[in-house]
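2 protein chains.
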Amino acid sequence: MPALMGQMMQMPLLISSLIRHAARHAGDTEIVSKRVEGDVHRTTWAGIEERSRRFAQAMARLGCGAGDRVATLAWNGYRHLEIYYGTSGSQLVCHTINPRLFPEQIAWIANDAGDRVLCFDLTFLPLVEKLAPHLGGVQHYVLMTDRAHMPASSAIANLLCYEELVDAEDGRYTWPEFDENTASSICYTSGTTGHPKGAVYSHRSSVLHAYGSALPDAMDCSAADVVLPVVPMFHVNAWGLPYSTALVGCKLVLPGPHLDGKSLYELFEAERVTFSAGVPTVWLGLLTYVQSNDLKFSTFRRTVIGGSACPPAMMKTLQERFSVEVIHAWGMTELSPLGTLSKLKAKHGALPREEQQRLLEKQGRVVYGIDMAIIDDDGHALPWDAKASGNLVVRGPWVIGSYFNRPESPLVSVDGEPGWFPTGDVATIDADGFMQITDRSKDVIKSGGEWISSIDLENIAMAHPAVHEAAAIAARHPKWDERPLLVVVRKPGASLTREELLAFYEGRIAKWQIPDDVAFVDELPHTATGKIQKLKLRELFRDHRLPA
Amino acid sequence: MPALMGQMMQMPLLISSLIRHAARHAGDTEIVSKRVEGDVHRTTWAGIEERSRRFAQAMARLGCGAGDRVATLAWNGYRHLEIYYGTSGSQLVCHTINPRLFPEQIAWIANDAGDRVLCFDLTFLPLVEKLAPHLGGVQHYVLMTDRAHMPASSAIANLLCYEELVDAEDGRYTWPEFDENTASSICYTSGTTGHPKGAVYSHRSSVLHAYGSALPDAMDCSAADVVLPVVPMFHVNAWGLPYSTALVGCKLVLPGPHLDGKSLYELFEAERVTFSAGVPTVWLGLLTYVQSNDLKFSTFRRTVIGGSACPPAMMKTLQERFSVEVIHAWGMTELSPLGTLSKLKAKHGALPREEQQRLLEKQGRVVYGIDMAIIDDDGHALPWDAKASGNLVVRGPWVIGSYFNRPESPLVSVDGEPGWFPTGDVATIDADGFMQITDRSKDVIKSGGEWISSIDLENIAMAHPAVHEAAAIAARHPKWDERPLLVVVRKPGASLTREELLAFYEGRIAKWQIPDDVAFVDELPHTATGKIQKLKLRELFRDHRLPA
Chain A
1 MPALMGQMMQ
11 MPLLISSLIR
21 HAARHAGDTE
31 IVSKRVEGDV
41 HRTTWAGIEE
51 RSRRFAQAMA
61 RLGCGAGDRV
71 ATLAWNGYRH
81 LEIYYGTSGS
91 QLVCHTINPR
101 LFPEQIAWIA
111 NDAGDRVLCF
121 DLTFLPLVEK
131 LAPHLGGVQH
141 YVLMTDRAHM
151 PASSAIANLL
161 CYEELVDAED
171 GRYTWPEFDE
181 NTASSICYTS
191 GTTGHPKGAV
201 YSHRSSVLHA
211 YGSALPDAMD
221 CSAADVVLPV
231 VPMFHVNAWG
241 LPYSTALVGC
251 KLVLPGPHLD
261 GKSLYELFEA
271 ERVTFSAGVP
281 TVWLGLLTYV
291 QSNDLKFSTF
301 RRTVIGGSAC
311 PPAMMKTLQE
321 RFSVEVIHAW
331 GMTELSPLGT
341 LSKLKAKHGA
351 LPREEQQRLL
361 EKQGRVVYGI
371 DMAIIDDDGH
381 ALPWDAKASG
391 NLVVRGPWVI
401 GSYFNRPESP
411 LVSVDGEPGW
421 FPTGDVATID
431 ADGFMQITDR
441 SKDVIKSGGE
451 WISSIDLENI
461 AMAHPAVHEA
471 AAIAARHPKW
481 DERPLLVVVR
491 KPGASLTREE
501 LLAFYEGRIA
511 KWQIPDDVAF
521 VDELPHTATG
531 KIQKLKLREL
541 FRDHRLPA
Chain B
549 MPALMGQMMQ
559 MPLLISSLIR
569 HAARHAGDTE
579 IVSKRVEGDV
589 HRTTWAGIEE
599 RSRRFAQAMA
609 RLGCGAGDRV
619 ATLAWNGYRH
629 LEIYYGTSGS
639 QLVCHTINPR
649 LFPEQIAWIA
659 NDAGDRVLCF
669 DLTFLPLVEK
679 LAPHLGGVQH
689 YVLMTDRAHM
699 PASSAIANLL
709 CYEELVDAED
719 GRYTWPEFDE
729 NTASSICYTS
739 GTTGHPKGAV
749 YSHRSSVLHA
759 YGSALPDAMD
769 CSAADVVLPV
779 VPMFHVNAWG
789 LPYSTALVGC
799 KLVLPGPHLD
809 GKSLYELFEA
819 ERVTFSAGVP
829 TVWLGLLTYV
839 QSNDLKFSTF
849 RRTVIGGSAC
859 PPAMMKTLQE
869 RFSVEVIHAW
879 GMTELSPLGT
889 LSKLKAKHGA
899 LPREEQQRLL
909 EKQGRVVYGI
919 DMAIIDDDGH
929 ALPWDAKASG
939 NLVVRGPWVI
949 GSYFNRPESP
959 LVSVDGEPGW
969 FPTGDVATID
979 ADGFMQITDR
989 SKDVIKSGGE
999 WISSIDLENI
1009 AMAHPAVHEA
1019 AAIAARHPKW
1029 DERPLLVVVR
1039 KPGASLTREE
1049 LLAFYEGRIA
1059 KWQIPDDVAF
1069 VDELPHTATG
1079 KIQKLKLREL
1089 FRDHRLPA
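If you read the sequences in order, they're chains A and B.
For the first sequence, position 487 (counting from the first letter as 1) is numbered 487 according to the numbering used here, and the numbering increases by one without interruption.
Numbering-wise, the numbering used here comes out as the position in the second sequence, counting from 1, plus 548.
Calculated directly from the structure, the hints in this document are not laboratory data.
Don't be surprised by glycine CBs; every beta carbon is placed ideally from N, CA and C.
Watch out, some of these pointers could steer you wrong.
Claimed, not checked - Label pairs and their in silico Cβ distance ranges:
hint, chain 1, residue 1, chain 2, residue 2, range
1, A, Gln357, B, Ala818, 21 to 31 Å
2, B, Met553, A, Asn158, 29 to 39 Å
3, A, Leu160, B, Met553, 25 to 35 Å
4, B, Gln839, A, Ala381, 48 to 58 Å
As the list claims (entries may be wrong) - Here are the computed lysine-lysine pairs in the DSS-like style, where the Cα-Cα straight-line distance is at most 30 Å:
hint, chain 1, residue 1, chain 2, residue 2
5, B, Lys1084, B, Lys1027
6, A, Lys296, B, Lys895
7, A, Lys262, A, Lys511
8, A, Lys347, A, Lys316
9, A, Lys491, A, Lys442
10, B, Lys990, B, Lys1039
11, A, Lys262, A, Lys296
12, A, Lys262, B, Lys1027
13, A, Lys511, A, Lys442
14, B, Lys810, A, Lys347
15, A, Lys531, A, Lys387
16, A, Lys347, B, Lys844
Unchecked claim - Over the 12 Å line for every Cβ pair with chain B, so calculated as not near, a few chain A residues:
hint, residue
17, Ser17
18, Pro151
19, His203
20, Leu295
21, Lys296
22, Glu361
23, Ala431
24, Glu469
25, His544
26, Leu546
My request is simple: use the sequences and hints to build the entire structure.
Next comes the structure, spelled out in structure tokens:
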């Protein structure tokens, strides 16, 4: 017997439906932007939608058609938001590029993506002028500003002015309807090794991610919120906030280029921000400013912190001193990016505060849509006992199936079941589904079949007053295969011996996990985004002989 | 140029993914049921999933295959939940029937749906024994109980025992993967005129509805909640709560057949319920019990009230006396059912409490996924000014496109754009998108091109101390086409004249809206679900002559 089909309306999940919803049901809700030009700009969801339509018309006039990639090098602002919706809504593909990458990486990424148009903020004019000769496929350069701010001359021939393009159109444009699996945007990973790889999101995946990320156990977004994404719109689509804020129709505050403590604090207060999201470093700057000036937050109530692990002390300060709820989150470019967030269940309500805190410090539980597992190197699932640590794999409708321009599948199997994406993270999971990242899989030290977390070893070293920076890497060992080697930069003027540092580990970690040796160096190698290049370190210390 | 396709994992939105998620990530979270058998039963999401798989196996053993309809006549309980997931998850179609309908209606519905299996609670054995001879297509009758509670004999040949069926299977069953547009369940409308009509939900529509309904601006469900759906699982799938609670993995409390104030209160307290949902009548019973016994709620914090308009006095009591947030909602079977809920926006935070209250008393704003418009009888969109009232139309991925077994399309156009579902309600919408139902479209009184709300007229009449019940209907008028006629039942022993009642309207409503006449009757005709049958009233008073 054939299956019975549902008789529901067939409406594709399109990004244009998000901006239409916001314009229609929250039309006068404000979008406030700190502009690169220096002032504060105010518009509304209706205004954004209208200009997104004009931007779509302008791109069509430039000859762009379905599937063409339009790249951005831009801060968080209303024009960037218009490009998000104007491109995806008209079946173009929005490619946000991280301007903090090395210029050669940016050029490589733009060429790999096949970008046809590049839109950029005034800030990046010198950068783009240098890049342009290397961007063979880019036919149009659009400076995201008005006529008054356009340069008198530029190394870029035919530099276009964003406001002129938008002003020339009438906005009489109907968002087209098409397959929800069409590409909506591309983001590149900033891999520490090899070339960056492109994740090609679809309209369907972006809309489902917007639903999932707005849920109470995720970012908890509602129309009662005022949301300020500190996380850049060039960093995995600002964790989806440009979409989820449209979905709930709330006020959006876009901070532009200045993310120092003073600038952020003043914007939080002036615009009555209730919710924000960003990496730990940003909160450090904000907290330092607020504490040293003895200030308080009037409306700020909760924040999502992700990108890297949030130091427990920072969580404590935000929660206890400022009554700001910290939602610790984990995700990655390949996950659009949301994977897990740490929110308590009803059963945890009666736990002592300290135990609750320990749960909140983990990376947390999956949002419905994502499933996860931890596996050993043979692909066997490991138990969820908060002890076994293994390679974290995920799947779901907003997880990539493959990378752009890469024919090989990155997916792996779990106990023979194919279709899981290997995150490259090593984690534990407890019986309640709380996941905790313990390492990157390529950094974990495999000693006699047991895994030692390089992060744990580094955290202990960093707690020593004479240590400026430390990295734990695997060194070859004839009996145990690998044993931990600590590479350490001393604080200026500090003295510290190998024996003193190793003694510092006693009682802080299991004896067999204590590093076998310490190498002191003047500095550690870093990537453009500030991560330690452990691959380079491993190469440098390939021939290091551990003491017997 | 062909469009670029996304490169995300292709995973269909299936109802089985909800129960798998709950079992995997909230496996030990409790499902508590007050049983028809009298006791309290406790299981978990993992337990429900395991027995759902066995139920799916049992149905296959009975010969059921993809698309077959399995009907239920059952209260809110764990077995009903297992049937929800066991049927839909295995590509059968779950057809929940409202046992409060007249037996002839139940038979008509079961035959129209082509039900092949009927599962029912002990309570309904006498009903089903009477119905069985009229259910030609039903091949298997399953009594939802254990062997000990099976009747010694029954008019139904080969009556099957639910627990025996489930016990006979081993649960080694993998949820199949199939097209997300496959039918998952059927609910029939309880129309006041003509035969009931079937809405055929799909897996896709049910999962999207679950996402939308759990959002902070909707039911705001999280894993920190303990949810008790008072709304029956035979009433539009308990407003989707069996799905949205699995989506968030929260504790679920199913109250069984006893919905009186005392039973509910004791369950709320014993199980630490934080959130509930139901029609106004239920809350009346609960509030009466709690107030007359001078009790308080320890954990109950918010409730969704829908199905019919919530009296403002009830909202006030719940909010002010018991600190229970009331979320006023509107929906219908054809919308799965959620359409709008009333939650304030950030801009309303500074309004005086009384103005906030007036907004909260409206039916509210759409959840993303639903769009709405109000139109005049010619299909032209009317302004959102809180004054113009028109026919409410909606669209979205969880709105029906057509009815089961009905070839004609119910959809209409808005300003020439096709594809909108006419709700049969008349409403206003304000500039912020807050919708307020003013009438049913077939009940509105059209006087000289202006619309008069029958509900407004009835509310005023009901406020008169001598009125027991009142209905306002349209009477033919030579000049104005229609003018309001009030049909009234006096309170026992009360005296009230036409002139006294009409004088009562002075100052309470615009002069031209005051009814032209009053007809006193002994009783009003009602449907099985307690609604006034206005069609019958209009027939009775077809020849009524209004005074000149």
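Hints versus structure:
1. A:Gln357 with B:Ala818: 21 to 31 Å: Holds: the Cβ-Cβ distance is about 30 Å, inside 21 to 31 Å.
2. B:Met553 with A:Asn158: 29 to 39 Å: Because 31 Å falls inside the window, the suggested range holds.
3. A:Leu160 with B:Met553: 25 to 35 Å: 29 Å Cβ-Cβ, so the 25 to 35 Å window holds.
4. B:Gln839 with A:Ala381: 48 to 58 Å: At roughly 54 Å between Cβ atoms, Ala381 (chain A) and Gln839 (chain B) fall inside 48 to 58 Å, so the hint holds.
5. B:Lys1084 with B:Lys1027: 24 Å, holds
6. A:Lys296 with B:Lys895: 22 Å, holds
7. A:Lys262 with A:Lys511: This hinted pair is violated, its Cα atoms lying about 45 Å apart.
8. A:Lys347 with A:Lys316: 22 Å, holds
9. A:Lys491 with A:Lys442: This hinted pair holds, its Cα atoms lying about 28 Å apart.
10. B:Lys990 with B:Lys1039: Holds: Lys990 (chain B) and Lys1039 (chain B) sit about 28 Å apart, inside 30 Å.
11. A:Lys262 with A:Lys296: The given pair, whose Cα atoms are some 13 Å apart, holds under the 30 Å limit.
12. A:Lys262 with B:Lys1027: Given pair Lys262 (chain A), Lys1027 (chain B) is violated - Cα atoms ~71 Å apart, limit 30 Å.
13. A:Lys511 with A:Lys442: The hint holds at about 23 Å.
14. B:Lys810 with A:Lys347: 26 Å, holds
15. A:Lys531 with A:Lys387: 27 Å, holds
16. A:Lys347 with B:Lys844: 22 Å, holds
17. Ser17: Violated: least Cβ distance 8 Å, not greater than 12 Å.
18. Pro151: The assertion about Pro151 (chain A) holds, with a minimum of 32 Å to chain B.
19. His203: Label violated. Min Cβ-Cβ 7 Å, cutoff 12 Å.
20. Leu295: Check passes; 22 Å lies beyond 12 Å.
21. Lys296: Answer for Lys296 (chain A): holds, closest chain B Cβ roughly 19 Å.
22. Glu361: The assertion about Glu361 (chain A) holds, with a minimum of 18 Å to chain B.
23. Ala431: 7 Å, violated
24. Glu469: 37 Å, holds
25. His544: 41 Å, holds
26. Leu546: 42 Å, holds
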